[in-house]
Each structure stands twice: as C-alpha cells, then as structure tokens.
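S.K.: Each chain is listed here by its residues.
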Amino acid sequence: MGEQKMLKGDKAVAHAVLSAQPDVVSAYPITPQTGIVEKLSQMKADGDLRGEYLKVDSEFNAASSCIGASGAGARVFSATSSQGLKLMSEPLFTASGMRLPLVLAVANRSLSGPLSIWNDHTDAFAERDGGMLQFFAEDVQEAVDNMLMAYRVAEDPDISLPALANLDGYILTHVKEPVEIPTEEETNEFLPQREPHATLDPKNPKTMGAFARPEHWTETRYAVHEAMLRSKETIGDVVEEFADQFGREYGLEYGGLLQTYGPDDADVAILGLGSIVGTMRDVIAEHPADVKIVKPRVIRPYPAEALREALAGVEAVGVLTKEVSPGHQSTLVSELKSAMYGSGHNPAILGNVLGLAGRDVTKDEISDIVDEVIDAKTSGPAGRFRGEEDWPQLNRDILPDEVTH
Amino acid sequence: MSDTIDPYSDLEISKGAVAEPGTSVVNKTGTWREFMPEIDHDACTGCGLCETFCPDMAAKGVGDRRYEIDYDYCKGCGICAEVCPVDAIEMFPEVK
Ligand code: SF4
Ligand code: SF4
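So the sequence lines, in the order shown, correspond to chains A and B.
Residue numbering for the first sequence follows the numbering used here, beginning at 1142 and increasing consecutively.
Residue numbering for the second sequence follows the numbering used here, beginning at 397 and increasing consecutively.
Since the hints were derived computationally from the structure, they do not count as laboratory data.
Under 8 Å between C-beta atoms, here's a sample of chain B residues computed to sit facing chain A:
1) Tyr404
2) Leu407
3) Lys411
4) Ala413
5) Ala415
6) Glu416
7) Pro417
8) Thr419
9) Ser420
DEER-style ranges, computed between Cβ atoms:
10) A:Gly1454 / B:Ser405: 50 to 58 Å
11) B:Cys440 / A:Pro1343: 30 to 38 Å
12) B:Val421 / A:Pro1541: 55 to 63 Å
13) B:Pro417 / A:Leu1370: 29 to 37 Å
The beta-carbon is built from N, C-alpha and C at its ideal position, and this holds for glycine as well.
One chain only, chain A, in its complex shape (with noise of 0.2 Å):
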C-alpha cells in the first residue's frame, strides 16, 4: 500500500505525477498551480524525476511541447490555472484533433477580470468544447487518484485524448489533508506504459495534425465526439480497477462518472463539482429533511445517463455552481436540463450561482438552497422551470446604477 502523508494538495499532486514518472513535464508557473510545478521542478533537481523538465516562456509553450513530445509518444504532464489554461486553450483544440494524450493538472480559478486569483470553475468551463476530458476533485485524496485515472483513461490507445485533472484552486491546492500517496510500483501496476497510435520518427516522418478539406473535417470532430462518448465506459472499468487495486471507490454504481451521498429514496437533491461537496455533505447530514448530493465527476464527458439515473426518483434538484455563461445561464444548469428535460422525468431544477472568485459559500447558504429546492418540490408546476438562475450572495447594494434602476 503507498504511503499515508500528510500534504497539501499541490505537493500530493505532484507525488501522484511522480509515480507516474513522465517523459516530460513542461510548465509555467501560474497561481495557485505553481506549487505542483515546483514540487515537480524540486523531483527533477533531486533525481527523482527522471523525465525531462521543461522551463518554458509561457502556458501556450508548455501545452505546445507537451504536444510535441505527446507526439513522439511520450508520457507528458502539465499543471496550469486560469489564465494559463486559456493561453494552453489554442494548442489544447489541436491535442484533442490529434489524438494527442496529455493530462494537466488544473488549480481551478476565476478569469480576469477584474483579475483574481481564487477559487471558481470558470476556467475549466471556458474549455468544454475543445475535446478534453475533464475530471473534478472532492478532496485532496480524490485529486490524487485522479491523477492515475485521468492517464489511464487519456492514454488507452482506443480514447486518446488530453485530460483536465481539475482541482479546486487554493481550496484543494493549499489545504492539508492526510492523503494515500500511490508508489511508483503500485501506479506501474495501474497504468500500463503509453502504446502511441503513431509517433513522430525523422526515420519514417509523417504530418501530425495535417491541413483537412471540407470533405474531411467533420469525420475527425466526429471521431473525437465518439471517443469522448465511448470514453464514459472506459472510465468507468478504470475507477472499477482502481477500486479494486486502490480501495478507494468512486461511484462504482453509476460507471465512475458521478457519486450519490444520502438516502437512495430522496425526493430532493442538490448537485455541486468539486471541494462544495464537502459541505454541502455536512449540510445534508444536519439538515431535517431527506437530501441527496449528487456529485458528477467528470463534465466532459458529460455524463447524462447517469444523472438520470441519479435523479430518478427526484422532483427537485438544486445546482450549486461556480460559473455562469453571461447572456445564458450556467452550463453546469443548462446542461443537467438538458439530460432531463424532455426524458419524461421532468424535475425543477434550480439553478445557484455562488462561489465566485474565491467567495466563501457557507453551510447556512447551502441550507437556504436546500429548503428552497424543498419548496419548489411542493409548489406545483410553476416551481418546475425557473429560468434563471439565482444569485443568492449578489450584493445589489453595491451594483452599479444600469444595473438597478
């Protein structure tokens, strides 16, 4: 069994990479990444790591040459946030275009601006469609396995494509936790060496990522599209074999891609990604009423069997998410009404946008939503569809005047 330590969760992100021993790691430091990639800077001085570390000018070069090296079939780690991930974002269509396995690890945090630093989705959010799986963390532990699950999904020959290993900025970066730091034997076990679809060869060149006509185009977004839905069963025997390696489950019953916590026969649910599941798990367990937590796993892909599945038996859901799409709604909110509304399960979802930026949600803030979802369980069929979201830590106070007149 690896080793208990106590860690933050850069550091334990950064033993996790290390067991897998890439071939590259390229990187810029960015916050609140920075402490992965300095641990894993610190592995390399010291001799541990034995891949090639990279110090490279900017996010756009680090996603680059981990596409290069991806290419020349190499096991290849990065780590970014925020503005970072959006200047990886243009090499990044292009990895998922060519089948190009890569995982980063990514301090989820807000985008500029105004600029900050802290904790939400919207970074993530802002790369949902470029191809790339992407994987949300609870707790340190989970940011950890994730780690060894993002690559072994990313890297099977039949998916290959780059993975988001997200992990909540600050909130899971900079807390200590006690964490199962997988050795190196143990992860070999897990994760089987890279076996590229091609590699790069000056012996026998080829054209990566080649100029297509418009006859051919859509036949590799459709390839990438159908990966990513067949990539649902993948993950789902790798957190099976995980489990059984590691004995650490995740959502065994619902493929991997989602976790329930409470009663199974709930009537109301709230759903959150991330490190808000912690909380939102002490609220349920001091709350009178019967609430399930649904937590998805991954967004990309997303997966919407499974949280019909989840919600079966459920007339009202609150979503608690960290990013709204401006002149929409949260995509976290519209895409769960897509997966249910018209399924002939029809349940009120209401839609909470909070922890913006590194806002502190509270568990009395949760405990409002959770009986306002129970509210809207009971209020018929006008509870069913709100269209927007709710603001519920918006102070209009200090709005400006366009804004509230």
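Starting from the known structure of chain A, fit chain B with the ligands onto it as the hints suggest.
M.R.: Here is chain B with the ligands on its own, set in the frame of chain A:
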C-alpha cells in the same frame, strides 16, 4: 504539380489526423488568393530574398538566378513584393 495523384480522393480518416509526408502538395492553397505577384525578370537581380521570405515556398529559384512564382500555392500575401530590394515584384488584383 498538376499530375500529382490526389491521395485524399478515397482517404480514410486516420486517428489523430496523421498523414503521410508531402501530402499537402495536393492542397492547392493558391485558390484562396486575392492578389497575384508578378516578377519583372529584367529588373530581378536574382538575390533570392523573395524565396527566403515567402511563407508558402511559392517564390522559387528555378536555376540560373531566375525566380518564379508557383501560383498553385502563392496566397498573394505580398511579402515577396515588400522584401524585393529592387521592386521587381508587383502585386495585381486577381480577377477570377
Ligand atoms: S505573394 Fe506571398 S505567397 Fe505569393 S509568392 Fe509572394 S510571398 Fe509567396
Ligand atoms: S527579391 Fe526581387 S530581386 Fe530578389 S530574387 Fe526575388 S524578385 Fe528577384
């Protein structure tokens, strides 16, 4: 180039957009062009700067200090005309 066999005519999509080397020759990017460079061969000194700076390898030395534009690939960006030290290249609007 016109006798190049189109390797894309019955292309099956490879995983990850991997292609054989040199396949891009069939993608005649010159069809996108708005402007067309023309070399005045009497003025040209054969310095080769146009070949050096052309981003598409469309300005080419063809021997004996003579330079030609390959209109199958020239995109009409005008860089060659800009760098030519003796203004031997003029850009004309391409009328199709
Ligand atoms: S116009 Fe541009 S593409 Fe065409 S030959 Fe000149 S430099 Fe090359
Ligand atoms: S840059 Fe001008 S002078 Fe030099 S080779 Fe080209 S056309 Fe001739």
